[in-house]
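K.L.:
All chains, full assembly: derive it from the sequences and hints.
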Amino acid sequence: MRPNEKLSDSNKSSVGNRIYLPPEQDEIELSLFGPGYGESVLLHIGANQWIIVDSCIDPTSESPAPLSYLRKINIDPSVAVKQIIATHWHDDHVRGLAVILKECKSAEFVCSVAQTSKEFLTLVSAYGTRPMMESTGINEFYEIIKLQQTRNVIQKSQFIPPKFAIADRCLWQYEINYGEQNIPGAIYALSPSDASVLIAQMGIAKLIPQVGETKRRVPSLLPNHAAVVLLFKIGEDSILLGSDLEETGQAETGWMAIISSGTRPEGKASFFKIPHHGSVTAENPHIWSLMLKPQPISALTPFAAGKVFLPTNDDVDRICNNTDQAFSTGVPKHPKAKSRPKMVEKQIKEMGLKLRPVYCSPGQVRVRGRYINDRINWIVQLLGDAIPLREMYN
Amino acid sequence: MLILKPKLAQYEEGIGQDPTGDPIKLITDPESLLDPKGILSCFRNVEEESRSENIEENIDRKRTINLGEFSSPVIRLPAISRRSNNMASLQKWQGYVIKVLNEALLVRLIDLTHKGPDEEAEIPIEEISQDDRGLIRPGAIFYWNIGYLDSYNGQRTRISVIRFQRLPAWSKEEIDAAEREAERLQQIIGWK
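As you go down the protein sequences, you meet chains A and B in turn.
According to my numbering, the first sequence is numbered sequentially starting from 1.
According to my numbering, the second sequence is numbered sequentially starting from 1001.
Check before you lean on any hint, since a few could be wrong.
Calculated cross-link-like contacts (lysine-lysine; reagent style BS3-like; alpha-carbon spacing at most 25 Å) [as the list claims (entries may be wrong)]:
(1) Lys215(A) - Lys118(A)
(2) Lys1115(B) - Lys336(A)
(3) Lys346(A) - Lys1115(B)
(4) Lys105(A) - Lys72(A)
(5) Lys118(A) - Lys1115(B)
(6) Lys1115(B) - Lys349(A)
(7) Lys1172(B) - Lys342(A)
(8) Lys307(A) - Lys293(A)
(9) Lys1099(B) - Lys333(A)
(10) Lys146(A) - Lys156(A)
(11) Lys206(A) - Lys233(A)
(12) Lys349(A) - Lys1092(B)
(13) Lys72(A) - Lys146(A)
(14) Lys1099(B) - Lys215(A)
(15) Lys206(A) - Lys1172(B)
(16) Lys349(A) - Lys1172(B)
(17) Lys268(A) - Lys307(A)
Cβ-Cβ distance ranges computed for the label pairs, FRET-style [unchecked claim]:
(18) Glu266(A) - Glu1127(B): 53 to 59 Å
(19) Gln1187(B) - Glu236(A): 41 to 47 Å
(20) Glu266(A) - Leu1167(B): 49 to 55 Å
(21) Asn373(A) - Arg1137(B): 55 to 61 Å
(22) Glu391(A) - Arg1133(B): 44 to 50 Å
(23) Gln155(A) - Glu1183(B): 22 to 28 Å
Facing chain A, from chain B, some residues (calculated, C-beta under 10 Å) [claimed, not checked]:
(24) Leu1167
(25) Ser1171
(26) Ile1189
The hints are simulated quantities; they were obtained by calculation from the structure and are not laboratory data.
This structure is a prediction, so every number in the text was calculated from the model and none was measured.
The beta carbon of each residue, even a glycine, is placed where N, CA and C say it ideally should be.
P.N.:
Here it is in structure tokens:
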């Protein structure tokens, strides 16, 4: 298969199950899934060791996309997944994460340090025990905590303590045999900064219900200061996952805090998961100049809600000016409206309303490569609705 | 005053005719006069009477009351209809308010009738009843129902009903319990 080849349905059938063959032991793979309900990254660091970052539910199968994919390539998630990382607790990043953790029995759970505070746990205890709405990020965390608690108390021997992520913390160090050489690898959290954690905790504290306040669905904490940006180091190369971290314009928080950190691990990444669906709110030009190699392979998931579509045409231009190798898991559009009984359609129309489905089947940007001469030689494959970014508005 | 129209009178043929020729007959059980609802409670809707198939069975010919110059059987009318409006639902959603806009609500909808992806819509505030408008704010949960309303008189109307959930307020006990549970979780999670 040629680099950056788009797999059409006919390609898929002609190569048989080739696209669903697992990577070789010495092959690194990264898959970005979206925009189902959320976005998720699945990473093979080598030697059948996998890491899942966030969750993405396929609305058709209603199961987490990374788990479905692992099964398709005959990988047992209960053994192969070693770490599950929740970058932040927004509904569209954690929905299905409890199911993932339940299935991946060998995995360590990692989340932002802001989610370990008493304020956050109070919020989880208050809302999680009284679900007023299905599928909120808080309910998902409540399920995760209950699962961890059960494993800690009942299945003590199998219990893997969770870990929290904060700027410049090494989350995992390993050594993998890539071909004839043993290459050191490590996973670092580059955020949240101390200041971001404090701001996030204050925001979370404000969401804790007050006596006499009417119950409601817990609102999201915006803007998102406490998201976990991750750097996967593989020898001299690395992968940068931008999560949903936004730029705040202040040195102590957001992207600027990462860029100005004196303790950030060195090295420039050859792959970049573009933050916050390519939005200008997460843009900082220093990311491209200081943290990424020239022409990095970059990928994003699109976003469509209400009248907001990301990335915009301007966002696409800006990103494509930084790299020729940018990809998207799909196009930001509302999927086709659901079909309903005629009388229901008529009533909706008479009310002057238009119902827009929020999520469609996720596409997948998959990159695979071997570590040769101090860098990973990536090959890009676009599955489902994934496209080169420059084709988004053409 | 509800009246019994000639349709009913035809069942009284042979028992006596109103000498005035007026089709209106006031025929009642004296006990009903003690009814706090008054004599009206003895009468049924004219349309209901016309549909009654067994009205003859309701005529008690042994008990009569003299209403002037003629005797008439006491008619024990069936209890007042308890029939009420029924709604046949075609589509139901649970929703919550994402954002309150100038004249509309941006909402997320979860289909409770058929599975499928969540949906979003902008619902004009004028679609929300005056009673519920005080409940509008981000995070507020509501139910939206589209269906047919079958009224007691047989009319069928297509309707849309949006009702905001009236959840109780948070109590001090609930918040104290959440804080205690948070402390317990911090101990038991087993952070490294």
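K.L.:
Could you tell me which of the numbered hints above are not met by this structure, giving the numbers in increasing order?
P.N.:
5, 7, 8, 11, 13, 16 and 17
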